[in-house]
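For the sequence shown, numbering that gives the first Met the number 0 gives the first residue as 0, with consecutive numbering after it.
Rather than coming from a laboratory, the hints here were simulated on the basis of the structure. Note that the structure is predicted; figures quoted are calculated from it, not measured. A virtual CB, placed ideally from N, CA and C, is assigned to each residue, including glycine. Some hints here could point you the wrong way.
No farther apart than 30 Å at their CA atoms in a straight line, the calculated lysine-lysine pairs in the DSSO-like style are these [what the hints assert, rightly or not]:
| # | residue 1 | residue 2 |
| --- | --- | --- |
| 1 | Lys177 | Lys238 |
| 2 | Lys168 | Lys136 |
| 3 | Lys134 | Lys242 |
| 4 | Lys284 | Lys182 |
| 5 | Lys330 | Lys136 |
| 6 | Lys152 | Lys284 |
| 7 | Lys152 | Lys330 |
| 8 | Lys153 | Lys242 |
| 9 | Lys134 | Lys238 |
| 10 | Lys182 | Lys153 |
| 11 | Lys284 | Lys141 |
| 12 | Lys177 | Lys136 |
| 13 | Lys268 | Lys141 |
| 14 | Lys238 | Lys268 |
| 15 | Lys268 | Lys242 |
| 16 | Lys136 | Lys284 |
| 17 | Lys69 | Lys177 |
| 18 | Lys168 | Lys100 |
| 19 | Lys242 | Lys177 |
| 20 | Lys153 | Lys168 |
| 21 | Lys330 | Lys177 |
| 22 | Lys283 | Lys330 |
| 23 | Lys168 | Lys69 |
| 24 | Lys134 | Lys182 |
| 25 | Lys153 | Lys283 |
| 26 | Lys242 | Lys141 |
| 27 | Lys242 | Lys152 |
| 28 | Lys168 | Lys152 |
| 29 | Lys141 | Lys330 |
| 30 | Lys283 | Lys168 |
| 31 | Lys153 | Lys177 |
| 32 | Lys182 | Lys242 |
| 33 | Lys182 | Lys238 |
| 34 | Lys268 | Lys182 |
Label pairs and their computed distance ranges (CB to CB) [as the list claims (entries may be wrong)]:
| # | residue 1 | residue 2 | range |
| --- | --- | --- | --- |
| 35 | Leu66 | Lys283 | 29 to 39 Å |
| 36 | Arg234 | Gly334 | 32 to 42 Å |
| 37 | Leu91 | Ile138 | 30 to 40 Å |
| 38 | Lys100 | Ile70 | 40 to 50 Å |
| 39 | Asn208 | Arg368 | 24 to 34 Å |
| 40 | Arg39 | Ile327 | 36 to 46 Å |
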Amino acid sequence: MNIIIMLSFLTIFLLILLGGHFFVYFSMIKFLDITATRPRVWLGVLLLVLAVSFVVATVFSRQAENLATKILSLSSGVWLGFGINLTVAFILSWVIVGILKMSGTYFDHKYLAIGSMIFAVIFSVWGVWNAYHPKIKNITVKIDNLPAGWENKKAVQISDVHIGSVLGKEFLNQVVEKINAEKPDVVFITGDLFDGMDGGLEAAAEPLNAISAPEGVFFITGNHETYVGVSGVVRALEKTQVKILDDEMEIVDGMQILGVSYPQRGENKNIENVIKNIEGFDPKKASILLYHNPAGRLEAMAGGANLQLAGHTHTGQLFPFNFITRLIYGKYHQGLHREGDFSIYTSVGTGTWGPTMRTNNIPEITVIRFE
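Based on the sequences and whatever the hints tell you, model everything.
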């Protein structure tokens with residue numbers, strides 16, 4: 000069943016890629032008035048190769064981690080992001096064409112094509128730079144029954160780092176340096192730390208030992224850990240200072256730190272029941288829940304958690320996919336929201352998945368203060 004689902008997803012994804020690239024092809028030959036057969040054929044072949052490049056790179060990078068697969072993954076991912084930006088620009092160009100036609104105004108369409116490509120290049124370059132430079136995001140969270148020892152504590156959350164063939168050990172080192180500059184008491188890693196790697200997890204995780212947080216570093220799995228293989232992730236993190244919370248709790252200076260693992264493929268998990276069945280959990284005492292998906296908000300609230308720290312959505316990562324995450328998760332697709340004595344914070348993520356590009360938001364390292 001999992002194979003059928005994966006093949007169905009891959010087929011749909013490929014059809015979307017092919018459809019998007021055909022739209023770019025059609026727009027370019029129309030706007031640039033390309034009528035000769037040979038240029039049309041070469042442009043079509045080039046865009047067909049580029050359309051499947053990301054899928055090919057993903058498959059190859061899972062088979063071997065080397066310089067060639069890293070270059071292929073980076074270049075195909077950047078092209079995918081650029082292609083999305085170019086598609087958006089061409090859609091806007093066709094809207095302009097329609098408006099001009101209705102108004103009876105003549106305009107040389109090649110300038111629309113040139114303008115679209117220039118916009119896509121500039122927007123994409125900014126997005127790539129953005130992806131490699133996560134910013135510090137400061138928030139304050141109110142917890143009604145906050146333990147006295149937590150009034151001056153500082154926590155840091157990172158999420159969706161996606162260490163893999165593109166964003167590697169060097170990027171994680173950069174993230175760790177920024178974390179340590181904030182001098183946190185405790186660090187929370189809310190899933191999708193790894194991505195697209197079958198080997199080399201131990202070496203990739205080494206920078207985590209450099210995190211300075213006297214109250215500890217806590218981790219829960221995300222959906223991408225289930226793709227990589229949870230057992231391999233566990234073996235790698237067991238050689239670091241990181242504490243893995245697998246449907247369990249750690250008490251830190253009076254605060255109950257709850258960690259719920261992401262469901263394995265084909266598994267159904269009720270977050271409320273998991274929380275209530277954690278040994279020693281007291282819903283009357285303050286608690287922080289680490290659970291990757293903000294969709295678990297209602298179950299977390301019903302289970303008695305005071306604060307859920309989540310990620311997963313990337314808030315779309317690339318424009319205009321933020322509208323899709325908003326449609327799926329509502330206002331909880333990003334940011335801090337409070338309902339009664341329960342709060343949820345959804346990080347936009349620290350790294351990237353797919354295109355090494357951020358055009359919809361700034362990747363973040365979240366600094367949390369409590370009151």
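Tell me if the straight-line CA distance from Lys153 to Lys177 falls inside 30 Å. Answer holds: Lys153 to Lys177 is near 14 Å, not above 30 Å.
**Item:** Agreement of Lys153 and Lys283 with the hint, judged by alpha carbon distance not exceeding 30 Å
**Value:** With a Cα-Cα distance of about 23 Å, the restraint between Lys153 and Lys283 holds, given a limit of 30 Å.
**Q.** Given hint Lys177 paired with Lys330 - CA-CA distance at most 30 Å
**A.** Status holds; Cα separation ~28 Å.
Check your understanding: CA of Lys284 to CA of Lys182, is that 30 Å or under?
Key -> With Cα atoms ~26 Å apart, Lys284 and Lys182 stay inside 30 Å; holds.
* Can the suggested window of 24 to 34 Å be confirmed for the beta-carbon pair Asn208 and Arg368? -> holds (26 Å)
For this session: Could you grab the alpha-carbon distance between Lys168 and Lys136 and see if it respects the 30 Å cut-off?
Result: Measuring from Cα to Cα gives roughly 22 Å; hence the hint holds.
Next item on the list: Quickly compare the C-alpha distance for Lys168 and Lys100 to 30 Å and report which way the hint goes.
Entry: Judged against 30 Å, a Cα distance of about 53 Å means the pair is violated.
Within a Cα-Cα threshold of 30 Å, do Lys238 and Lys268 meet the stated pairing?
holds (28 Å)
Does Lys69 sit within 30 Å of Lys168, going by the straight-line distance between their CA atoms? holds (13 Å)
*Agreement of Lys177 and Lys238 with the hint, judged by alpha carbon distance not exceeding 30 Å*: Measuring from Cα to Cα gives roughly 22 Å; hence the hint holds.
Verify the CB-CB distance for Leu66 and Lys283 against the hinted window 29 to 39 Å.
violated (55 Å)
_36 to 46 Å as the expected CB spacing between Ile327 and Arg39, which holds or is violated_ = holds (39 Å)
Of the numbered hints stated above, those contradicted by the structure are hints 18, 30, 34 and 35, listed in ascending order.
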